[in-house]
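J.: Here is what each chain is made of, one letter per residue.
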Amino acid sequence: QKEVEQDPGPLSVPEGAIVSLNCTYSNSAFQYFMWYRQYSRKGPELLMYTYSSGNKEDGRFTAQVDKSSKYISLFIRDSQPSDSATYLCAMSADSGGYQKVTFGIGTKLQVIP
Amino acid sequence: DAMVIQNPRYQVTQFGKPVTLSCSQTLNHNVMYWYQQKSSQAPKLLFHYYDKDFNNEADTPDNFQSRRPNTSFCFLDIRSPGLGDAAMYLCATSRFNTKGAYEQYFGPGTRLTVT
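Listed in order, the protein sequences are those of chains A and B.
When you read off a place in the first sequence, starting at 1, and then add 308, the result is the number in our numbering.
When you read off a place in the second sequence, starting at 1, and then add 1485, the result is the number in our numbering.
Everything labelled a hint here was simulated from the structure, so no lab data went into it.
Among the hints, a few may not be true.
What the hints assert, rightly or not - Subject to a maximum C-alpha distance of 30 angstroms in a straight line, what follows is the list of computed DSS-like cross-link-like pairs (lysine-lysine):
1) LYS375(A) - LYS1529(B)
2) LYS364(A) - LYS375(A)
3) LYS408(A) - LYS1529(B)
4) LYS1523(B) - LYS310(A)
5) LYS378(A) - LYS416(A)
6) LYS1523(B) - LYS378(A)
7) LYS1502(B) - LYS350(A)
8) LYS1537(B) - LYS378(A)
9) LYS378(A) - LYS364(A)
10) LYS416(A) - LYS364(A)
11) LYS416(A) - LYS1537(B)
12) LYS408(A) - LYS350(A)
13) LYS378(A) - LYS1529(B)
14) LYS1537(B) - LYS1523(B)
15) LYS1523(B) - LYS350(A)
16) LYS378(A) - LYS1502(B)
17) LYS408(A) - LYS310(A)
18) LYS364(A) - LYS1529(B)
19) LYS1523(B) - LYS416(A)
Claimed, not checked - Short, incomplete list of chain B residues facing chain A, as computed with Cβ under 7 angstroms:
20) LEU1531
21) PHE1532
22) ALA1572
23) GLY1592
24) GLY1594
Computed from a prediction, not measured in an experiment: that's the story for all the values here.
Positions of the beta carbon are idealized from the N, C-alpha and C atoms, including for glycine.
Make the full structure from the sequences, and use the hints.
T.: Set out below in structure tokens:
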């Protein structure tokens, strides 16, 4: 079993839809949770960063962490064609010192005008 | 703007011909990473530097080497590229604090083609 599971998609939605992207994980030590957006042939761009459980909102983006279920989500409201990209979840433990970040495989999102 | 810069953006090399990819950062971060990312796969960590301390992942082939002459620059050397080394190579940086180093900022990547 992979430490981080993410459906690769592709996920196609009409413009204006609410998008839900998800990851599950198996390592209960994970405390830091991140979402990256990666456009085709570009480097990943950090979108959201959350520590432990709870919600975090930034504009049209909301990140949720449910540690009891080992499940994280990224919601995109009023999706735009410019949101079409691959979204990677990433997470890391918090035990002091350097901890490797583990990435999901990424979900490819296409927002259709 | 503070950023992570990678050069070149596209590199074509011949099978077995050494190649060097470069990364520079203006974020003044003390940790720098090199990842390999193949199509539709998660980025795979090759190694990272915490300041000048080099940390190699256990499954990184010996064919891959790295240098970090100063805080701002880091190089990835592929001594004898094989066809399987064709990939996007991503440089990332982060600031290490007492809680660790988690938010990583990526460069645009170098796409390596091996002929």
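J.: Was the hint right that LEU1531(B) lines chain A, CB cutoff 7 angstroms?
T.: Hint on LEU1531(B): violated, closest Cβ of chain A at ~12 angstroms, above 7 angstroms.
J.: Please work out if LYS1502(B) and LYS350(A) have their alpha carbons no farther apart than 30 angstroms.
T.: holds, 25 angstroms
J.: Min Cβ distance, GLY1592(B) to chain A: is it shorter than 7 angstroms?
T.: holds, 5 angstroms
J.: Check whether the Cα positions of LYS378(A) and LYS416(A) lie no farther apart than 30 angstroms.
T.: holds, 22 angstroms
J.: Under the criterion that the straight-line Cα-Cα distance not exceed 30 angstroms, is the pair LYS408(A), LYS350(A) satisfied?
T.: holds, 22 angstroms
J.: Is the Cα-Cα distance between LYS375(A) and LYS1529(B) 30 angstroms or less?
T.: The hint holds at about 25 angstroms.
J.: Going straight from one Cα to the other, do LYS1523(B) and LYS416(A) come out at no more than 30 angstroms?
T.: holds, 15 angstroms
J.: LYS1523(B) and LYS378(A): Cα distance at most 30 angstroms?
T.: holds, 27 angstroms
J.: Does LYS1529(B) sit within 30 angstroms of LYS408(A), going by the straight-line distance between their CA atoms?
T.: holds, 11 angstroms
J.: LYS1523(B) and LYS350(A) were given as a pair; does the straight-line alpha-carbon distance stay at or below 30 angstroms?
T.: Given pair LYS1523(B), LYS350(A) holds - Cα atoms ~12 angstroms apart, limit 30 angstroms.
J.: Is it true that the CA of LYS378(A) sits at most 30 angstroms from the CA of LYS1502(B)?
T.: violated, 45 angstroms
J.: Is it true that the CA of LYS1537(B) sits at most 30 angstroms from the CA of LYS1523(B)?
T.: Given pair LYS1537(B), LYS1523(B) holds - Cα atoms ~28 angstroms apart, limit 30 angstroms.
Of the numbered hints stated above, those contradicted by the structure are hints 8, 11, 16, 20, 21 and 22, listed in ascending order.
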